[in-house]
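Asker: As a plain string of letters, each chain reads:
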Amino acid sequence: ETGVTQSPTHLIKTRGQQVTLRCSSQSGHNTVSWYQQALGQGPQFIFQYYREEENGRGNFPPRFSGLQFPNYSSELNVNALELDDSALYLCASSSVNRGWGTEAFFGQGTRLTVV
Amino acid sequence: GENVGLHLPTLSVQEGDNSIINCAYSNSASDYFIWYKQESGKGPQFIIDIRSNMDKRQGQRVTVLLNKTVKHLSLQIAATQPGDSAVYFCAEYTNAGNMLTFGGGTRLMVKP
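Top line first, the protein sequences correspond to chains A and B.
Anchor point for the first sequence: position 100 equals 100 in the numbering used here, and the numbering is continuous, going up by one each time.
Anchor point for the second sequence: position 36 equals 1036 in the numbering used here, and the numbering is continuous, going up by one each time.
FYI, nobody ran anything at the bench for these hints, they're computed from the structure.
Predicted model, so just to flag it, every value in this text is computed and none were measured.
One should not assume that every hint holds.
[Unchecked claim] Computed Cβ-Cβ distance ranges for the label pairs, DEER-style:
1. H10/A with T1010/B: 46 to 56 Å
2. N1027/B with Q41/A: 40 to 50 Å
3. E52/A with N1067/B: 23 to 33 Å
4. P62/A with Q1076/B: 40 to 50 Å
5. N1018/B with T14/A: 45 to 55 Å
6. E82/A with Q1045/B: 24 to 34 Å
7. R63/A with A1078/B: 37 to 47 Å
8. P1082/B with Q41/A: 45 to 55 Å
9. S1052/B with P62/A: 45 to 55 Å
10. R1051/B with S27/A: 17 to 27 Å
11. Q1060/B with G3/A: 15 to 25 Å
12. N79/A with K1056/B: 42 to 52 Å
13. E1015/B with Q18/A: 26 to 36 Å
[Said to hold, decoys possible] A few chain B positions that, by computed beta-carbon distances, are all more than 10 Å from chain A:
14. A1029
15. A1079
16. N1098
17. L1100
18. T1101
[Unchecked claim] Simulated coverage check for chain A against chain B, where a stretch passes if three residues somewhere in it have a Cβ under 8 Å from a Cβ of chain B:
19. 35-48
20. 78-85
C-beta: ideal position from N, C-alpha, C; glycine also.
Could you put the whole structure together from the sequences, leaning on the hints where they help?
Answerer: Below you can see the structure in the form of C-alpha cells.
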C-alpha cells in the first residue's frame, strides 16, 4: 500500500458528460500529478499541482482541469467526455522538496469507461 | 517530441533465471531514470531509480544500468520469481518539466 488513495475505482460515463476523479496524497507529500493510461500503453502526464496551483502540464486539452486543496488532495475534472477518454487515470503524490524517485507513489487508479 | 521507448514488448523467462529488460531514451537532459512495475489492476510501483550522473545502481535482486553514450537503460532482475510477472515501464524525469515520460512497457512472464 502506498498511502495514495483514488476514488472511485471504476466509473462509467456517457459521451458528453463531465467527470470528477479524486485523489488523497501520501502523508507529508505536497505535490500531486495526474496521468492517463490507455489500455496497453504507458501512462501519459496530464498535469501536476503544487501549492494549489498547476505546476506543469502535458499535451492535454483544456477540458482536462484540476484542483488541489489545502490538505494537498486533488481532483481531476474532465468535461465533454469523448470515447477516447476511456482509460485508467493515475494519481501520483510526491514532495517537491525531495524530487521524484523513491519519494513518489502512485495510487491504484480510477478506471473510466466512456460509452 | 522526445520519448522513452522499449525494445521488447514481451519477455518470457524461466523461474530462477535472470531477466533483462531494455529501454531506449532520447532526452539527454533527463535528471532521473526510473523503473516501475505494474501488476494488473494496480498503479505503477517504484522499483529502482538512477540519477543521470550514475552508471549503475543495485537494489534487492535488481540492478539498473545506464549507458548515456547510447542512451540506453536496462533493468536486470536476478533469480526471477513468479511474483515478478508484470508489465515493466521505464520512465525519465526532468526536474525542469516536473513530469515523468513513460515508455510503452514490457510484459514479463515467468514460467514455473
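Asker: Now look at each hint and say whether the structure bears it out.
Answerer: Quick rundown of the hints versus the structure:
1. H10/A with T1010/B: 46 to 56 Å: violated, 27 Å
2. N1027/B with Q41/A: 40 to 50 Å: Distance hint for N1027/B, Q41/A is violated at roughly 19 Å.
3. E52/A with N1067/B: 23 to 33 Å: violated, 40 Å
4. P62/A with Q1076/B: 40 to 50 Å: Distance hint for P62/A, Q1076/B holds at roughly 43 Å.
5. N1018/B with T14/A: 45 to 55 Å: With a Cβ separation near 49 Å, N1018/B and T14/A satisfy 45 to 55 Å, so the hint holds.
6. E82/A with Q1045/B: 24 to 34 Å: Since the Cβ atoms of E82/A and Q1045/B sit about 30 Å apart, the hinted range of 24 to 34 Å holds.
7. R63/A with A1078/B: 37 to 47 Å: holds, 46 Å
8. P1082/B with Q41/A: 45 to 55 Å: violated, 25 Å
9. S1052/B with P62/A: 45 to 55 Å: violated, 33 Å
10. R1051/B with S27/A: 17 to 27 Å: Once the Cβ atoms are compared, 26 Å apart, the range 17 to 27 Å for S27/A and R1051/B holds.
11. Q1060/B with G3/A: 15 to 25 Å: About 21 Å separates the Cβ atoms of Q1060/B and G3/A, which means 15 to 25 Å holds.
12. N79/A with K1056/B: 42 to 52 Å: holds, 46 Å
13. E1015/B with Q18/A: 26 to 36 Å: violated, 47 Å
14. A1029: Holds, since 15 Å exceeds 10 Å.
15. A1079: holds, 23 Å
16. N1098: Violated: least Cβ distance 4 Å, not greater than 10 Å.
17. L1100: The claim is violated: L1100/B sits with its nearest Cβ about 6 Å from chain A, within 10 Å.
18. T1101: It is violated; T1101/B is separated from chain A by about 7 Å at its closest Cβ, not greater than 10 Å.
19. 35-48: holds (count 8)
20. 78-85: Coverage by chain B is violated here, the residue count being 0 at a Cβ distance below 8 Å.
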